[in-house]
Amino acid sequence: MLNNNIRKTMLICASVLILWLLLIIKIAPAYIAGDSPETIMAFNFLGIQHPPGYALDTLIGKIFLLIPVGNLMFRSAIMAMFFNFMTALTIFKIVLIVFKDNAKKSGIYYAPIIAAIFYLFSNSVFIQGITAKGSVYTIHCFLIALIFLLLLEIKQGAKFLYLASFLFGLSLGNHWQSSIVLLPAMALGVLLSGQKVKLKTWLKCFVFFLIGISIFAYLLLRKTTLIWSNVADLNNLIWFLSRAPYAEFEHRHAFSIIDSFRLFKYYFSNIFPDQYPVFLAYILFPGAVLLAWKLPKYGYIFITAFICYLAGILLVSTEVGQEWVDKQFIIYIIFAAIFISSFFNWLFNLIKYNKTTMSILFVVIFPLLYINLPDYSRYFVSYDYVNNLTSGLPEGCLFLTEGDINFFGAYYKQLINKNDINTIAVALLNFQWYREQIHRNSFESILIPGKAKASNLADDIKNLMSANKDKEIYTSNFSNNDLLSYNKVPMGIKNKILIDREQPGSDPYLPYKLYSYRGIFENKIKYDDFSKMLVLSTYERCLALLGDNLSKKGDFDQALFFYNHAHLFFKEENLATNIAICYLQKSNAVKSEEYLNEAIRLNPKFVPAYYYKAAVSYMLLKDPVKTKENLLKVIELDKNNREAKSLLNKLNGGT
Amino acid sequence: MSPLMPGEKNKAIDIIIIAGIVAVALIIMFIMARFEMVRRAGREYNEGEKFMSFYKNPDLKKQYYDEKLKKKEITDPEYEMLMDDNSLKNAYVEYQTVVDLFTPPESKWVKMSRERLQEITPLYNAWVESLKNEVNTSSGQKKK
Chain A
12 MLNNNIRKTM LICASVLILW LLLIIKIAPA YIAGDSPETI MAFNFLGIQH
62 PPGYALDTLI GKIFLLIPVG NLMFRSAIMA MFFNFMTALT IFKIVLIVFK
112 DNAKKSGIYY APIIAAIFYL FSNSVFIQGI TAKGSVYTIH CFLIALIFLL
162 LLEIKQGAKF LYLASFLFGL SLGNHWQSSI VLLPAMALGV LLSGQKVKLK
212 TWLKCFVFFL IGISIFAYLL LRKTTLIWSN VADLNNLIWF LSRAPYAEFE
262 HRHAFSIIDS FRLFKYYFSN IFPDQYPVFL AYILFPGAVL LAWKLPKYGY
312 IFITAFICYL AGILLVSTEV GQEWVDKQFI IYIIFAAIFI SSFFNWLFNL
362 IKYNKTTMSI LFVVIFPLLY INLPDYSRYF VSYDYVNNLT SGLPEGCLFL
412 TEGDINFFGA YYKQLINKND INTIAVALLN FQWYREQIHR NSFESILIPG
462 KAKASNLADD IKNLMSANKD KEIYTSNFSN NDLLSYNKVP MGIKNKILID
512 REQPGSDPYL PYKLYSYRGI FENKIKYDDF SKMLVLSTYE RCLALLGDNL
562 SKKGDFDQAL FFYNHAHLFF KEENLATNIA ICYLQKSNAV KSEEYLNEAI
612 RLNPKFVPAY YYKAAVSYML LKDPVKTKEN LLKVIELDKN NREAKSLLNK
662 LNGGT
Chain B
285 MSPLMPGEKN KAIDIIIIAG IVAVALIIMF IMARFEMVRR AGREYNEGEK
335 FMSFYKNPDL KKQYYDEKLK KKEITDPEYE MLMDDNSLKN AYVEYQTVVD
385 LFTPPESKWV KMSRERLQEI TPLYNAWVES LKNEVNTSSG QKKK
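As given, the protein sequences belong to chains A and B, one line each in that order. Positions 12 to 666 (the working numbering) are the ones given, in order, by the first sequence. Positions 285 to 428 (the working numbering) are the ones given, in order, by the second sequence.
Bound conformation, chain A alone (with noise of 0.2 angstroms):
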């Protein structure tokens, strides 16, 4: 007779296997734009990636890449995949301990499931369970988790205060960022646990404190293919740890008290529903005022960690208008599953229940929570835009890169698939470190002039690619075309640089017929931002640009068959007005209109939609009513504009 604990780990594991297959099924098979070539390159390396350098993460990703199963994206897949698993057990204990004393004895199981199945099928977990970068997360969650965990226990013993303590050093060797401000609810943990913490017990915690720490060392000794900067001594890992290379763009965040508020409307607002289907992911706000209400010392310590989380997020970490890259920070969902759980618990003591009911809820609700993830087992965007990206690169030649998916997509061609081509990120030339990685990957013999931080940017390109004319060279799409001295000319999604060539007569779109474009135009699935971000917009870019020099030579029809084509692949504001404007010029009001319309869809502030919708009642359909109509909403948007002010006095009789 088998007794209860074996019984119950049987249990488990059926469970974990069942689930591990329903979601196993639907991983992406390469990496998802992003920058998951760089973490799988440093995973395969031991390299150091961008900071705060995740040293844990590549440390664990190595031992993932040994077991033999599919190419490395889909072995460091599966290993973000695995951490979301060893979270959701986590979760399920926790809620075990919370709610043990508040739960029906034949149903003490049901709260814990709903809470680690919630956390398991939410969408931004989901997505950071299948994709290489999405493991710093999911292995930080999970190491959250566990400290939590281990909170709630310390009154059984101070050996889970010193695991919690090294966990808490780990931790910080991974995303410290994340570590650092849960800390108050931790010590809230702590400090609700009732126990008394004697001074010797905090300076052993402060030893395994250390040792946890200790995982920075990696950072210091490695020395390798891919590093992210050449951490020497302390000083420069005290710089790389705060992220002080990507000072410039980390100023930009939402001090301000209604920039706040904002970001927290939009996050409740935009990124909360999206993680279930049914507005499933507001019940965690009953969930947690009923936890705070019949559980106050586990509600006060996860509330805090919430919001202390959320805060965290929305006041340091984002970026003003760039909300949307703030889905891969999933920590909260772990505290959300928890809330949600403690509603349901509510629901099971309030209503009479047996088996056949509770069956029935999770067979609803289960099935509900998995169609809303999206399939990714045949995601192939980000690799196929990558292969299209580098596709007829000559041997030996200098790729200039901007964008984490051109770089790190190309040099994963170099450094993993031996591709003969020499990737430079431009934005890195200011570093030495970096130029003296280039020496060190290349292919054949870069020459790099100058010294780094000397010049401005547009100074170190021109002269590296100066330097090396008797090179091809070539650029990926530039969000600056300015930083480009010479001619180039289009070949697809990336460009050729002139320097002393006659530029080829050729035909701009012929490239795209060499591209795979498998799920942009059929079996296409919900995508993520960075998918629809770095990739399908790029391909949209590219093309609107050969569009827009058609179009401003006059010939509209050749201009309509790029921008048309790029429509196909990213619907944005200013393509859907470019065409309207061709249209315009054809004297088509009906299509006009129609993109003009989706121009205001997709931005209902766009002021030239307006604009042109203004221009189209006017020059074709002689209509003055609708005409002043656009020119007010142009005049309520822009108060400034002195065109649609002196337009609208014209219409009303004035001079």
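Don't take every hint at face value.
Think about it this way: if two alpha-carbon atoms lie no more than 25 angstroms apart in a straight line, the pair counts; the simulated DSS-like pairs of lysine-lysine are [as the list claims (entries may be wrong)]:
1. A:K170 to B:K293
2. B:K352 to A:K524
3. A:K429 to B:K373
4. B:K356 to A:K582
5. A:K524 to B:K293
6. A:K582 to B:K355
7. B:K352 to A:K535
8. A:K582 to B:K295
9. A:K602 to B:K354
10. B:K392 to A:K480
11. A:K524 to B:K340
12. B:K295 to A:K543
13. A:K166 to B:K295
14. A:K537 to B:K355
Only part of the chain B face toward chain A is listed, based on derived beta-carbon distances under 10 angstroms [stated by the list, open to error]:
15. I305
16. I312
17. E320
18. M336
19. Y339
20. I358
21. E362
22. N374
23. R398
24. L415
These are calculated hints, taken from the structure and not from any lab test. For every residue, glycine included, the Cβ atom is placed at its ideal position computed from N, Cα and C.
Fit chain B to the known structure of chain A by using the hints.
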């Protein structure tokens, strides 16, 4: 060292059994992942075969996308784009994907994809070369 008491002995046995169950579960997780690789390799190989059949018989391709258009799974501009897309290229990409992404294990799909790649790579390379020549020689002819 004092001998284990009966209660402690049972506990130790329980721990060993539980560790064994967890280890078996981890191995099953790994096996599931391997099976998933094989399943995906088969799926992408079949996609490659689909595109090969389109390449050999363009009418089949038209029929396939006409059906998708009729079911409103794709829009008119997407239909045009997909019809214009080269089936040989898509077949090549699918077989290459099987070889690059879905191994280990070296399943029958991977082997069959390698064979297919050997067959079609000369054709694919010839098509790429012709396109490259077109890129370098054309002077931006008008698009319809």
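Tested hints:
no., hint, in the structure
1, A:K170 to B:K293, "holds, 23 angstroms"
2, B:K352 to A:K524, "holds, 22 angstroms"
3, A:K429 to B:K373, "holds, 22 angstroms"
4, B:K356 to A:K582, "holds, 19 angstroms"
5, A:K524 to B:K293, "violated, 70 angstroms"
6, A:K582 to B:K355, "holds, 23 angstroms"
7, B:K352 to A:K535, "holds, 13 angstroms"
8, A:K582 to B:K295, "violated, 63 angstroms"
9, A:K602 to B:K354, "holds, 23 angstroms"
10, B:K392 to A:K480, "violated, 47 angstroms"
11, A:K524 to B:K340, "holds, 19 angstroms"
12, B:K295 to A:K543, "violated, 54 angstroms"
13, A:K166 to B:K295, "holds, 23 angstroms"
14, A:K537 to B:K355, "holds, 19 angstroms"
15, I305, "holds, 5 angstroms"
16, I312, "holds, 6 angstroms"
17, E320, "holds, 5 angstroms"
18, M336, "violated, 15 angstroms"
19, Y339, "violated, 15 angstroms"
20, I358, "holds, 6 angstroms"
21, E362, "holds, 4 angstroms"
22, N374, "holds, 7 angstroms"
23, R398, "violated, 15 angstroms"
24, L415, "holds, 6 angstroms"
Checked against the numbered hints above, the structure violates hints 5, 8, 10, 12, 18, 19, 23; every other hint is satisfied.
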